[in-house]
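Student: Sequence:
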Amino acid sequence: MSQCIGYLMAAAGPMMLGGVHDMSGGWSTPLLLAAVIALLGAWTGLLAGRNLQLQPAAAAN
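Each step along the sequence shown adds one to the number in our numbering, with nothing skipped, and position 32 is 50.
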């Protein structure tokens, strides 16, 4: 699933950032948007990769 999302972002990202560049008239906004997306991706990756063990729930009688 993550590989699918990565390929989708790689395919659509340049066109979307180009559209943001056309709307804003400069590179500051598209680069800031790309940096925010990268930070969000890093944050979710850190959360997904943490060492967490779930304990089974106690059986209800």
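Keep in mind that the hints were calculated from the coordinates and are not lab data.
These numbers come from a predicted model, not from an experiment.
Among the hints, a few may not be true.
[As the list claims (entries may be wrong)] Distance windows between CB atoms, simulated:
1. 77 to 27: 39 to 45 Å
2. 29 to 78: 18 to 24 Å
3. 51 to 78: 45 to 51 Å
4. 41 to 70: 18 to 24 Å
5. 24 to 73: 30 to 36 Å
6. 78 to 31: 45 to 51 Å
7. 49 to 70: 17 to 23 Å
8. 74 to 53: 52 to 58 Å
9. 30 to 61: 33 to 39 Å
10. 52 to 76: 44 to 50 Å
11. 49 to 20: 37 to 43 Å
Built from N, CA and C at the ideal position, the CB exists for glycine as well.
Student: Work down the list of hints and note, for each, if the structure agrees.
Tutor: Verification of the hints:
1. Range check, residue 77 to residue 27: about 43 Å between beta-carbon atoms, so the 39 to 45 Å window is met.
2. Between residue 29 and residue 78, the C-beta spacing of about 48 Å breaks the proposed range 18 to 24 Å.
3. Under the hint 45 to 51 Å, the C-beta atoms of residue 51 and residue 78, about 48 Å apart, fit the expected range.
4. Hint check: residue 41 to residue 70, Cβ distance near 41 Å, so the stated range 18 to 24 Å is violated.
5. Between residue 24 and residue 73 the Cβ separation comes to about 32 Å, which falls inside the hinted range of 30 to 36 Å.
6. Taking 45 to 51 Å as the suggested C-beta distance range, the pair residue 78 and residue 31 conforms, at roughly 48 Å.
7. Between residue 49 and residue 70 the Cβ separation comes to about 34 Å, which falls outside the hinted range of 17 to 23 Å.
8. The hinted range of 52 to 58 Å is not satisfied by residue 74 and residue 53, whose Cβ atoms lie roughly 41 Å apart.
9. Range check, residue 30 to residue 61: Cβ separation about 21 Å, and the 33 to 39 Å hint is violated.
10. Separated by about 47 Å at the C-beta atoms, residue 52 and residue 76 satisfy the suggested range of 44 to 50 Å.
11. Judged by the Cβ atoms, the range 37 to 43 Å given for residue 49 and residue 20 is violated: they are separated by roughly 24 Å.
In this structure, the hints that do not hold are numbers 2, 4, 7, 8, 9, 11, in rising order.
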